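Chain residues, written in single-letter form:
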Amino acid sequence: MILHRLFTLGLILLLLAGCGGDAEDEEKQIVFAVGGAPSEIDFWEALIDEFSTEYQIDVSIVRQPTDTDQRRQGLVVSLKARDDDPDVFLMDVAWLAQIAASGWLEPLNTETDRIKTEAFFENILNLADRYNGKLMALPVYVDGGVLYYRMDLLEEIGVKNPPGTWQELIEYSQKVLDIKREDNPDFYGFVWQGAQYEGLICNFLEFASSNNGGFIFEGDSLRLNIPENVEALRMMHDIIHEHKISPPNTYTEFTEEEVRLFFQNGNALFERNWPYAWNLHQSPKSPVKDKIGIDVLPHFEGGESISTLGGWHIGISVYSDVKSEARRFVEYVTSYETQKRLALNLGWNPGRKDVYSDSEVLERLPHFAELRDVFENAYPRPTRPYYSQMSAILQKHLNSALAGEVNPEAALEAAETEIQDIINRYR
Amino acid sequence: MREETVKTILIAAGIILMLSFCLAPFFFMIVTSLSKNPEFLSPAANFKLTLENYSSVIFKESLHFIDYLRNSIIVSGVSAVAGVLTAAVAAFAITRLKLPGKMLILFFALAVSMFPQISIVGYLFKLMTWMGWINTYFALTFPYVAWVLPLSLWILTSYFSQIPKELDRAAYVDGCSRLKVLTKIIMPVAMPAVLSTMLLAFIFAFNEFMFALILTSDHHARTVPVGIALFQGLHGEIPWGDIMAASAVTTLPVVILTIIFQRRIIAGLTRGAVKG
Amino acid sequence: MKRIFSKDILKSYAFLLPFAFFIIAFILIPVIGAIINSFYQDVTFKAREFIQFENYTSLFQDSGFWQSLRFSLWFVLVSVPFELLLGMIFALLLNQIRKFRGLIWAAVLIPWAIPSAISARTWELIYNYNYGLANYALSAIGITQEPVNWLGTSIGAFISVVIADAWKTAPFITIILLAGLQGIPDDLYRQSRIDGANFVQGFRKITLPLLKPVIVVALLFRTIDALRVFDVIYVLTGGGPGGATTSLSIFGYNYYINGDFGYGSAVSVVLFAIAFGLSVLYVKMSRFKTGIR
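Residue numbers (my numbering), protein chains in the order written: chain H, 1 to 427; chain Y, 1 to 276; chain Z, 1 to 293.
Please note that the accuracy of each hint is not assured.
Derived, one-sided and incomplete: chain H residues facing chain Y with beta-carbon distance under 7 Å [said to hold, decoys possible]:
hint, residue
1, Val62
2, Pro65
3, Gly74
4, Ser78
5, Pro380
In silico SDA-like cross-links for lysine to any residue, where the CA-CA straight-line distance does not exceed 25 Å [stated by the list, open to error]:
hint, chain 1, residue 1, chain 2, residue 2
6, H, Lys80, Z, Glu49
7, Y, Lys7, Z, Asp195
8, Y, Lys60, H, Asp49
9, Y, Lys126, Z, Phe39
10, Y, Lys36, H, Asn184
11, H, Lys244, Z, Tyr131
No lab work stands behind these hints: they were computed from the structure. Quick caveat: nothing in here was measured; it's all calculated off a predicted structure. The beta carbon of each residue, even a glycine, is placed where N, CA and C say it ideally should be.
Required output: the full structure, derived from the provided sequences and hints.
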């Protein structure tokens, strides 16, 4: 290969010129890629410190963005480049299939080294973590959308229970807005994730599946433009533009953290978010501390409350240079003790079932018992390796429907056609 | 006389408008970076002076801003020097030596500078993977040299062609080789031009975004523009204070360089674009 | 004399070798690689497969592709004339000043020197719905009552991107035009004023015709830059809302980063073909103008 030689020549020249990049050899170290809210990073940093002292294995954290798409893209770059870092990383259940199907995950079990899986949710392991019959990843936590509400404000309008239906949510919001707007022009009724990103899909699926809609697959053919979905999408649009109970920048700027802070600063009555927000809302400095409740999401008449299945799974890179050390780390993260701490410190729903019956957990987080079934029956997104492409198309069309650029039918029709093209191309 | 006054006032007003358009975003960046709260323009909040944002981007290691800055300076610096020297050798050949098809080479370089980066970067990623260079300085330095070459070549060709040919004729008569003529005669004479071309090449490489976005994955090689574009703070929401402080720290040296070398930058740009 | 120059042309070409190495290895080979790769299905989760023109046939049926092509063309059509107009005004103004010349020229240059990803981040904050400078200024002057949702509507996002891009690139045009303006002798204007022409007439009769070659250069440079726009949009809107500001570069990039290198290559080849066509046009015209030395 003349070309290869030419490049090597260039490399040598550059080295001689004395501008080398990263020449020094590193000792054995697990590089763990993780992102998320600041409290989560603090938690991981404390965790790896303890792991390092206990196992005498060095771990360093590579901080990823909070945004799930950006986290996936960062991993795709490293893995496609066959980089030996990161060794261990967290994957969103939404794109775990792409990473697994690309052959980038090292099976967690070897002949001699097996990880016990009895304690985990079997349905989730089958849905997400097993690929070609091999265990490739383990859930660190499972997730589902929940409704947070301000008990104090509902009381002011004489309402005892959180809304059961979306209609009630709109009604309550408007009543509270009538009171609150006078002294706080920035106050809104309901905040949720409407920006053009994966979170929008999750929100849409919750509206749609609570109206008996969602992704309707028959083999490889997909239906999206069905009346149930259209009604759900119209409701999302109207909440912003007709009822005006959600901020006008919902569909441009609102992702999890924007939504959480908006609610936490006391500027909203209802919030759709993941369970992680609970502990942050209840933190000592939070303006809404002890004023909030948590419940299942509302539904349409004739439907029932459903959450989108979310959650993050841990896996080992096939290009890792410290695989056996990495297995110890995965085992440590998914152990009973760590999972319990995840629940207590961050309010996350553990990937292990056995933690849910822990008395200390139940005492501190009574809503766990109530919500656990919801997560077990949550609505899964399609586990296809090209899900990201499907999602990107759907995000785009949902977002333009929310912006009012096109009507819901047209948006869903276009999404259906384009996603079908994607399926046909990659199947 | 009155017409002149009106004209002067109009021009002054125009210049004030122009300057505020050009500088307003820059000032907004600085002011936000000095504010405790990025929302100081909203009625509910007000402006409180702080240097916290600066101390956090400079001293918080987990933000890696200083790493990004160092990567940018090294990568752009090396690329600018290597690119301009390479271009100088080529410009020497084009302006001084008998070289059939030299105009073709110049126009070819011009065409290359117009290639969309997106049609280069996909395969570049594969190439760098194959070399094992992803997320190292090499992955950026080599493409950046290529990226600044066409511009540098045009500027230097223009400068070199103004150096009197009598100079090198005399040297050849003294028995100098062509390489000697380049290093001993042309380069010293053209040194100011070469340096200002390097400055332009540095700014070009320093500004580059797409290659750095795809060919690096973390603070070991990531450059400032990408770092700031993907900046995640320690406070969950978009940390505008930190972002603006980081932007200001990056921008200030560039602004100072621009003010000092304004004349040379303009000369270089107009040569590269207009005369050739 | 003649002996030295005619003896060994090959040796002269050797001076071009380093230059050729970098251009061939890091620009030409990647472009050729992209062209070859565009005939493959090359996704991370399947084996690489030769599929002839299938990427292109899918591409031409892909409404996302047409949307981004349409956006890119509109962006060129709106932003280039706007930037040219702005650059012309700036250049005429700068050409008038005598005091603080260095400082004012430098001030105009500053936007050009700041990395566009960084300035786009500042613009993102300026366009912020709740506390951005744009909405604050508009309501302070009294132009708008309600805040404008800059990045949330197709048209708003389009305008936002055009303004942010113009801010960055107008200085470049200004500098080029200024060089042209300074080449016009003052006597010409003096003469025309004596003939009774006002400023507008002088501009039309003298400035524009003499600047024409320079304008053509600036136009074509900017056209190709606008066609391949990436940084500003990536940071400012990410291509949204609803794909309304997805340029061809963003569209192709999204496929690369989703792991589909074949399709992404096909997108980039189309953009390359358009840009190459334009640059050939440019080279032809500029050869015409500059003449060969």
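Status of each hint after checking the structure:
Annotation: interface hint on H/Val62 holds; nearest CB of chain Y at approximately 5 Å, less than 7 Å. Residue-level restraint check for H/Pro65 holds (minimum Cβ-Cβ distance to chain Y is 5 Å; threshold 7 Å). Taking 7 Å as the C-beta cut-off, the interface hint given for H/Gly74 holds, the closest approach to chain Y being about 6 Å. The beta carbon of H/Ser78 comes within 5 Å of a beta carbon in chain Y, closer than 7 Å, and the hint placing it at the interface holds.
With a cut of 7 Å, the hint placing H/Pro380 at the interface with chain Y is violated, because the nearest CB-to-CB distance is about 27 Å. For the suggested pair H/Lys80 and Z/Glu49, the alpha carbons sit about 17 Å apart, so the restraint of at most 25 Å is met. The hinted pair formed by Y/Lys7 and Z/Asp195 meets the criterion: a straight-line CA distance of about 19 Å does not exceed 25 Å. Of the pairs offered as hints, the one joining Y/Lys60 and H/Asp49 holds, with about 19 Å between alpha carbons and a cut-off of 25 Å not exceeded.
Between Y/Lys126 and Z/Phe39 the CA atoms are separated by roughly 16 Å; this keeps the pair inside 25 Å, and the hint holds. For the suggested pair Y/Lys36 and H/Asn184, the alpha carbons sit about 22 Å apart, so the restraint of at most 25 Å is met. The hinted pair formed by H/Lys244 and Z/Tyr131 meets the criterion: a straight-line CA distance of about 20 Å does not exceed 25 Å.
The structure is inconsistent with hint 5 alone, although it conforms to all the rest.
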